[in-house]
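Based on these hints, arrange chain C on the given structure of chain Z.
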Amino acid sequence: MLVPTIGIEVHVELKSKAKVYSNSLNAFSPEANKNMTLIDYGYPGSLPVLNREVIDMALKACLALHCKINKEMHWDRKNYFYPDLPKGYQITQQDTPIGYDGYLEIEVNGKKKKIGIERIHIEEDTCKSIHSIAGTKLNFNRAGVPLIEIVSKPDMENGEEAKAYAETLRSILLYLGISDVKIEEGSMRCDTNVSLREEGSDKLGTKCEIKNIGSISNVARSIDFEIARQTKLLEAGETIKEQTRRFDDSTMETVLMREKETGNDYRYFPEPDIPYVILTDEEIEAVRKELPVLPNELKMKYRETGMSELAMNTVIANPELCAWLENLFTKVNPVITANLLTGDILSYLNKEKISLKDTKLEQDMLQDLVEALDKKEISSKQGKEILEILLTKGGNVKEIRKECGMEQISDDATLRKMITEVIENNKESVEDYKAGRDRAVKYLMGQIMKASKGQANPAKVNTLLLEMLQKY
Amino acid sequence: MTNYLDLSVTELHELLKKKEIKPIDLVEEAFARIEQRNDNAFITLNKEEAIRVAKELEEKEVDHILFGIPVAIKDNILTKDLRTTCASYMLNDFNPVVDATVVEKLKACHAIIIGKTNMDEFAMGSTGETSYFGPSKNPWNEKKVTGGSSSGSASAISSRSVAVALGSDTGGSIRQPASFCGLVGLKPTYGRVSRNGLVAFASSLDQIGPMTKNVSDNAIVLSVISGRDERDLTSSHVEVPDYTKFLNQDIKGMKIAVPRYYMSDVIDEEVRKQVEKMITLLQEHGAIVDYVDVHHMEHAISLYQIIALGEASSNLARFDGIRYGHLTESYDNIEELYKKTRSEGFGREVKRRIMIGSYVLSGENADIYYKKALKVRKALANSFAKAFEDYDLIIGPTNTNVAYDLGTKKDDALKSFYDDILTIPVNMAGLPGMSLPIGFNHEHLPIGMHIIGNYFEEGKIYTLASFIEQELKLELKPKEGETC
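Quick mapping for you: the protein sequence lines, in order, are chains Z and C.
For what it's worth, my numbering labels the leading residue of the first sequence as 1, then goes sequentially.
For what it's worth, my numbering labels the leading residue of the second sequence as 1, then goes sequentially.
Isolated chain Z (complex conformation) (with noise of 0.2 Å):
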């Protein structure tokens, strides 16, 4: 039997204020070669300085990643030649990356597993080639743009898994707030590697990489399709070239780049213009804590609620519905937050395509509502219309209670008044009561909230009509 062996490498544009090695803006821009400086033009004399935000966004990646961390490091050069690279090597860290042998824990199925992280570094991306008829033209606004290369080791078995760490790496990135991580825009891309081996043997076969996959959901994909592609070919009594592939997604299929050349020779050698980085204990906790708290571990708070996973899922999926469930967690039932952020609120987001800070309704707001519906004082129903109200125009809880009359009646005369009078209209439920049918009390209940329009606090009325029922 065949198994598969998958690595992937996630190559993640860093969100800095400028560039790796210089001062330029890291921003886009419409036009052309507007966020670039002599240094990222590799102008004769220019040299690289480095950008210690860069540093701790790695950082905090890394700690996230439960890597260790290099703290004595250096950069190195991988030379090539290549028009969009402008000085003739990338300054990249080969030796001592900045974070190695780290995990990230993914679950498939409801099964946990731990993929290993070999190493993440630091680098610098090229410039756009920008190609066409008249020749090709050269767009500096990213060259120098700071990228941290993610390398798992080949832990993982299938397209499902590969997936589970590309959408999971993804979520723990977004939380860090160190990149946007669009796969469709570029600013995180996976190359995955893929090889089969006979079960029960410790030796890889050849791998093949593939590269140019531009979304996550096609990670599996092109994985399914490799696995398929190479285990024909080996059940034919064929063998494997090692390859770079690219996924085509027009076809789905996975389509031959390059068979590897020998001795691609990047002539690899320290970085002799930027000198030794020391990062010390102290720096390190600093960044650590800095950290969020990141998707799996909110999982584990959540799950403890009661929350349904749906909702836990699709909470932790959207990072500003997040913010305000952690903000009101300690504050009100966190179950109904959460079921209002997922629910009525998110459908309210996607159908007028805004975000929550668009709307009228701010975090007290919600913990109001919240607060009312927990404790009965309206019913979901009542919760709904007001959501709806806050959402649009905003305003006080109590207030819309009242003037929509879902004003909550509390006042023992009244309320007594209002229990003597259905007591009286439906003397069959007291005979019934006494003859000890529970049933009736329900009734009797239903019958009190509706004569109040559902005003009346329902927990008080329960009270008052047990202690009359026995006097009666």
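Hints in this document: simulated from the structure, not taken from any laboratory.
Glycine residues also receive a C-beta, built at the ideal position from the N, C-alpha and C atoms.
Don't take each hint at face value.
Stated by the list, open to error - To spell it out: a stretch of chain Z is covered by chain C in this simulated footprint if at least three of its residues, at any positions, have a beta carbon under 8 Å from a beta carbon of chain C; those stretches are: (1) 37 to 49; (2) 71 to 81; (3) 86 to 97; (4) 273 to 284.
Just chain C now, with coordinates in the frame of chain Z:
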């Protein structure tokens, strides 16, 4: 023609301050001298701009010792709007849009840039002969090489065409031509002077330094160009002293080491004898001089070929004609663009060094050569450090010999490296080193002494150098037409 440029910077400063001369007098003398000598010391002259600046300065207060002083800049240091070629066809039309940090600093003091000096192409060579523009002439004897790679700066100072000049030194490129042309040349501690704007040859070895007629001028220029620069992460935060404070101090009790390697019989006898005379002189004045062993110096050439050329092969990769510099006229694909542009743009020595450098970094060679070289380099630095535990300075000859005939080493790629066996170890360790004129050989060619200091102790070098200069009072201006 006037002879103001025979004077020291301090003397010129006094004259300028007293309004006895104007900056324009110095500028006019500089260009007159350059035109008269016609010794190929300059690649590009800055005549119009220099005259404009000199005139402008007439309205200003003489507020700095370098105010109005004519300077020459080696042509691998960027000067805004002034062609910077690195003596290569590759950059024949390259007009930088910025100044190097050192040029900014000189301009801020109102020094006047006279022109860009000739050099070995991309600073690769030790004779000046690899320049696309041909060699500069040695004013002491025009049949002899000036040394290199800072050939034009050495020639221009020796002929008194400018007051002071900047050179750069990767393996001896300031000190060796200074020694061949009878001037004071200092390679500062690695990190003392910003490399921002210096077209890189070997980034871990390159330093810009002053080349001057005398020790005092040298200390003045170093005080100006040194210091931390946020644009060069390898520049040091160590405070910059006023180096002129170290001049004319007592040398009594100074402890000086002479590495035995520096006095072996590969050194020309006349050169060695002259250094021995200096040792006696120093001892007579109360200095303690001992012979010591500094290990691994003998590996200097190998270290240089691996580390300097490895780095160079990478540093010169950016010259592909796409963004600046020479671009071949026609090409069918990107591979051809690279091949033709670089074949046409670079000279033979540069190509040879790029090839050697690429080779030592290729595949497993990186481990066999490069990583091993880094270890030996560290051991060499440690060996120097050990000597500096007991000694203030290290001395010896700057070179194995005096200036030799033009053309001698042109066809022997390896031989020209051997010029630098005494200077390269200093770059490898990152230490400061100076070449100081200490006399002449029987052909009346200058002999240089090497003074090496501990990290950031350029001050001690100046103390010793100014002492020797005072004692010897050598006539360091070549007589015009003397031996031609």
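Evaluated hints:
no. : hint       : in the structure
1   : 37 to 49   : holds (count 10)
2   : 71 to 81   : holds (count 3)
3   : 86 to 97   : holds (count 4)
4   : 273 to 284 : holds (count 3)
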